[in-house]
Amino acid sequence: MSDFLELTPWDLHLLLDRHFEKMKEDAQLLRNVIVNAEVNVKRKKGTSEIPLFEDKRNMSIEEKIEERKALFG
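1 is the number of the first residue of the sequence shown in our numbering; add one for each residue after it.
Hints in this document: simulated from the structure, not taken from any laboratory.
Quick list of simulated restraints, FRET-style, between CB atoms:
| id | residue 1 | residue 2 | range |
| --- | --- | --- | --- |
| 1 | 25 | 71 | 20 to 30 Å |
| 2 | 39 | 71 | 18 to 28 Å |
| 3 | 8 | 55 | 42 to 52 Å |
| 4 | 32 | 72 | 16 to 26 Å |
| 5 | 33 | 68 | 12 to 22 Å |
| 6 | 19 | 39 | 22 to 32 Å |
Here a beta-carbon is modelled for each residue, glycine too, at the ideal position from N, C-alpha and C.
I would like the entire structure built from these sequences, with the hints used as guidance.
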């Protein structure tokens with residue numbers, strides 16, 4: 001608590017700016033996820049889904065499975 005009370009007005013301004021920027025980034029990410037899900041649900045049969053994030057790594061299925069096991073147990 002004492003650290004917060006020792007902040008200068010400029011430091012507090014920077015802290016609030018960063019907080020609002022983070023909130024904006026989170027809202028944009030959520031919007032992108034929702035729009036992507038909606039587009040994928042409404043796609044025609046036989047068309048491939050639009051990935052949420054581009055996979056820049058060329059991984060085999062086995063490598064992806066191992067990576068997900070490491071992440072999620």
